[in-house]
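*Asks:* The chain contents come next:
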Amino acid sequence: MASNNFFLVPQIIADEKYFDVSIAEILRSVLSPAGKFDLTEEHETKDEYGVDFRVLIRLNINCQSKAPQGWAIALKLHNERIDGIDWEPEFLAVDGSIGHGWHRHQWDQRRQSAKHTKTPAPDFDGIDSREQLLIRAFSIMRIRVNARDYGDQLPISKRGSS
Amino acid sequence: MGTNCQSLKEALVEFFGTAIDVTEIRDYCVLTLPYKTIDDRLASVFVQEKMPGYFLVDDGGKTAAELFIQGIHVTDVRSAVLEELAERYGATFAQGAFRMGCHAEALNAAIISIAQCATLATWYVLGHKPRFEEEPVLHRVEAGMRAWQPPYETEIRPRVRVLGQKTEHVIDFVSFPRTAPRTPIGVKVVRPSDNPLEQARGYGFMAYDLQNTQYEAWPRVAVVTRADEWTGNALDLVRASATTVIPVDTGKEESIDRLLPEYLSEVAA
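Taken in sequence, the protein lines are chains A and B. Under our numbering, the first residue of the first sequence carries the number 1, and numbering increases by one thereafter. Under our numbering, the first residue of the second sequence carries the number 163, and numbering increases by one thereafter.
These aren't lab readings, by the way, just hints derived from the structure by calculation. If you're wondering where the values come from, they're calculated on a predicted model, not measured in any experiment. Any given hint could be a false lead.
Here are the simulated DSS-like pairs of lysine-lysine, each with C-alpha atoms no more than 27 Å apart in a straight line [said to hold, decoys possible]:
1. B:Lys198 / A:Lys66
2. A:Lys46 / B:Lys414
3. B:Lys171 / A:Lys118
4. B:Lys291 / A:Lys17
5. B:Lys291 / A:Lys115
6. A:Lys17 / A:Lys118
7. A:Lys36 / B:Lys171
8. B:Lys328 / A:Lys46
9. B:Lys198 / A:Lys36
10. B:Lys212 / A:Lys66
11. B:Lys171 / B:Lys291
12. B:Lys198 / B:Lys171
13. B:Lys291 / A:Lys118
14. B:Lys414 / A:Lys115
15. B:Lys328 / A:Lys36
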């Protein structure tokens, strides 16, 4: 039966989440004209009483823009962002201060949204490559990807055209 | 006492003067205007002087990126609407960005137009709601495969990677025959996501890409979830690309464990 699993979000955020894709494959995807990456994985987690749950989590990345300020990453549950990295020229930070630039969207259990809870993410200042964004974002969002890039098994001439 | 229209204008001009922020990044300027998008951000406009006196004005792809990241995927229909919106303001919407090229005398108008596009395009967030229908099914597929009892010994392996002509593909589960000279059977879950036709094209591409490889002969079983949400032509494309399709309606996911062994027997027969 379909159910609202938002109560699991704090645990999901704390968990290490595995996506069966390599950074190189993500880069190939975001460097294509569509500039996007979209992958859904099943993730096993536990609630606060230790009961096992399986949820579908989705990793969405948009790096279509030439400017790093146009890039964004989100982890979603029920097609709703539960965690993510984003850039805005000006935003209201969770402590009431005005922030500028890169920030992390954090889950607000009461609102069941990560839209408004933003904390500055100065680690991302000065990034100028998509790879830097992915590596830093995955590190703080506890997202693990496949270290092996299976695309490298393709002959060079064929890889170039994919 | 009448309204002092001139002072009203002066106050507004002063407000805009202080509210507009500009940041210099690399070879372009990012202007932040006091226009709130519907998702509660300030509209930002990227301006780059491409050649003396000629400017490229765009939203830096922020609008489409924000929609995508917030769960609103720019489908073909939405893209057509955004293109039309851009056209109304003399801009274009291409490759995920609202964009305008202009000479210096039209620069201010272009900046305002792009800001309006960036603001209006976020109206899609109003209709966005979380989606609770999608259920994890891989454990059910695995259970169904293990419950299958063919007349020969098998080994079930998850996440089997196969190399096509152009790229790699992952088959969720493959039943390999241990001793009998039978072909392996691959089972893949195909979820409709936001655009069933796009998912069907992805599945179809896998079938096409595996042609003339050793994996072409493997029978393919597609477990199509939320089958009630698929369009006829999308489902037809999956049917044309798979050996057999198991359509599973929303809320009927528990039937996979029971259905899969029956379908596998048919495929293996």
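*Asks:* Each hint should be assessed against the structure and marked as holding or not.
*Replies:* Hint-by-hint comparison with the structure:
no., hint, verdict
1, B:Lys198 / A:Lys66, "24 Å, holds"
2, A:Lys46 / B:Lys414, "24 Å, holds"
3, B:Lys171 / A:Lys118, "35 Å, violated"
4, B:Lys291 / A:Lys17, "24 Å, holds"
5, B:Lys291 / A:Lys115, "13 Å, holds"
6, A:Lys17 / A:Lys118, "21 Å, holds"
7, A:Lys36 / B:Lys171, "44 Å, violated"
8, B:Lys328 / A:Lys46, "39 Å, violated"
9, B:Lys198 / A:Lys36, "25 Å, holds"
10, B:Lys212 / A:Lys66, "14 Å, holds"
11, B:Lys171 / B:Lys291, "40 Å, violated"
12, B:Lys198 / B:Lys171, "21 Å, holds"
13, B:Lys291 / A:Lys118, "20 Å, holds"
14, B:Lys414 / A:Lys115, "32 Å, violated"
15, B:Lys328 / A:Lys36, "19 Å, holds"
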